[in-house]
Structure formats: C-alpha cells, structure tokens
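Student: Below are the chains, spelled out letter by letter.
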Amino acid sequence: MASFLKVLFRNLLDGPSTDPYPMGPTFSPQRIRGRAKVDPNLCMGCGMCRYSCTAGAINIAHLPDGSGYTITIWQNSCCRCASCRHYCPTGAMSVTDDWHSAHAEKDKFNRLEQQTIKYEPCADCGTLMRPLPAHLAQRLYAGNKEIDQEKIRHICPKCRRIEDAKRTARRLLTPAPEPMEAAELTSAASTRY
Amino acid sequence: MSLDKMLQKISVRSPWLFRINAGSCNGCDVELATTACIPRYDVERFGCKYCGSPRHTDVVLITGPLTTKVRDRVLRVWHEIPNPKVTVAVGVCSISGGVFRGGYSIEGPIDRYIPVDVNVPGCPPRPQAILEGIVLARSIWLKKLGLEE
Chain A
1 MASFLKVLFR
11 NLLDGPSTDP
21 YPMGPTFSPQ
31 RIRGRAKVDP
41 NLCMGCGMCR
51 YSCTAGAINI
61 AHLPDGSGYT
71 ITIWQNSCCR
81 CASCRHYCPT
91 GAMSVTDDWH
101 SAHAEKDKFN
111 RLEQQTIKYE
121 PCADCGTLMR
131 PLPAHLAQRL
141 YAGNKEIDQE
151 KIRHICPKCR
161 RIEDAKRTAR
171 RLLTPAPEPM
181 EAAELTSAAS
191 TRY
Chain B
1 MSLDKMLQKI
11 SVRSPWLFRI
21 NAGSCNGCDV
31 ELATTACIPR
41 YDVERFGCKY
51 CGSPRHTDVV
61 LITGPLTTKV
71 RDRVLRVWHE
81 IPNPKVTVAV
91 GVCSISGGVF
101 RGGYSIEGPI
111 DRYIPVDVNV
121 PGCPPRPQAI
131 LEGIVLARSI
141 WLKKLGLEE
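Which chain is which? The protein sequence lines are A and B, in order. Residue 54 in our numbering sits at position 54 of the first sequence, and the numbers go up by one each step. Residue 79 in our numbering sits at position 79 of the second sequence, and the numbers go up by one each step.
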C-alpha cells in the first residue's frame, strides 16, 4: 500500500513523461548523426567519401573547364552511417546533429549539401591542384625542420618530388660536419671498402 | 457556412494511420511502433491512431524500398485506401532506394508508383522526425479536406 502511494506521489510531482515535441522543445543525444556536411576548405576531392558511401549519396563531378569540382551529398539517400567522416583523410566530412528531416515532396531533390571547390595553381609550375590542408601538412612534415610547410602545401606532387630531390642532393653534397676518429677510419677502410 | 461544412469542421480532427511495409528491414517499423507505443513520443496526442484496415485510413506510412515481391500487394492495399489520403514515405529506402538502390529486386523508390506527399528521410528517422512528418501530413490532409488553408 505504502509503495503504491510513493509511486503515485512521484508521478504527480514529476508530471507527464511525454516529450512536448513538436509543440515544445526536445532533446538531442550528443552523438546523434544527422545531416552530413562537407568543409570546402579541407576537401581535396580524393573521392574516398564517394567510394565508402554505403548509400551512394555522394557524387563528385568535375567542372567542364577543369577548374575544379562539385561535391554533392543527397540527404535523401544518405543513411547516416558516417563512413565518409570515418574515412575522409583530411577531416573535411562531418555529420551534424540536425535530425529535422521531414519535408514535403516538392523539396525532395532540394535537400542537397553541395560545394563547388576550385583548384589553385601550383606555386612552382602553375598546374591546377588542391593545396594540402594546413593541419595535415603540419602532421606530415613535423619531423623535418628544413621543409617550409606553408610552401610545400601549395605545390603540386610533381614539384614536391623535385623539391625532395633537391634537398637530398644538398644533403649529399655538403661534407659531414664532424670528422671521424682515426681508429674508426682504419677499421672502416678495411671492412667497408 | 452550411451546416454540413460546419459539422465537418468540428468533427474531423483525427487522421488514422496505416503502415505498409514495402520490403523494409524493419528498422523504420520499429521507430513507427516507438512513436505509438512509448509514452515519451505518444503519437496519439495528435489524434492519430494506428488502424488495422486500409479502409479506415487517412494517413498511410510506407517503409521500405518496394521490392518486386510486394509491389503489386502494396499497390492493391494502397488503392483500397479511400480518398483523400496522405502518403508518407518513411526512411531513405522508400524515398530514394537508399542502400538498396539499384538492387535486382528493387522496384522503388515509392514515388515511381505512388504519389507521395511527405518524405521523412533517415535510416531510420528519429521518432521526433516521424512526429514532424505526421504533423506535416496532418496539415496536408486538412488542406485536402478543405478545412485549412
């Protein structure tokens, strides 16, 4: 009897457990996966998202004049698996918490996330390319102090290879800074040569 | 205003729901059951109620990508629903084919065969998103009845 009264009073005090939505506010779990988004500053157009997209919702179309590409996500095909976010090498893909998806039929093909991204000319040879995102360049070249990150992320892979060859040549041509010891030299002469 | 119209205006408030599974994986059906059965989402606040017969239906919720096997049955059941009816496509499968698009046994998306009024994408959509869709469907239904602008 007493336990019943306890439940009764608790229910009276707590009020209804029904979420007032859509007449009132509702909650969103922290990690809910809603609309997919692409950051035009980070996207390199590698096509990993298109390849990994389970529902085939992502399309990458090159502009007819070759000056860039358009990346399109059709939200009505996206199954919110977040594979694109997981596999994106530059972190350009993200999944927002916007889950408000109900819409009338006339908006069916308007629910697009579309970004047109232009190529930039390579700082050395002028070939059109996408610059490497800064945070990626920082991670890639963290161990090498002679590389200017800001310069190398704006040059194309071919020029990067040339730069690398130049650096190697410089290293080989400059003499070793510390002279070897005599004992080491003689043993080296007998074994190495 | 005629008495007929006035009676219609004060009596019609409750669209009854009907659920058609057109080859769905059952994910969206679970979410539809959630909106009806769990007090937190309670779809009956809008006067909606799941009914067992297509002849009592006002708003029909279709889940699944419309497989070859169920296509004719879905169409038969859908044509049994009296007009005016509002069709809601729930889940990406029924809207665009979703992950099943291009499969050998997929006839969909639904709007290739059935005029759809409201889309609720998601895989599956949140119960709140389904509620949004049902509220939208309800206003479209009232418009079709001529009771709301």
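Do not rely on the hints blindly, as some may be mistaken.
Stated by the list, open to error - Among the chain B residues that face chain A by a calculated CB cut under 8 Å, a handful are:
1. Asp42
2. Gly47
3. Lys49
4. Gly52
5. Ser53
6. Val92
7. Ile95
8. Val118
9. Asn119
10. Pro121
11. Gly122
12. Ala129
13. Leu131
14. Leu136
Derived by calculation from the structure, the hints in this document are not laboratory data. Think of the CB as a built atom: it goes at the ideal place given N, C-alpha and C, for glycine as much as any other residue.
Student: Of the hints given before, which are not true for this structure?
Tutor: 2, 3, 4 and 5
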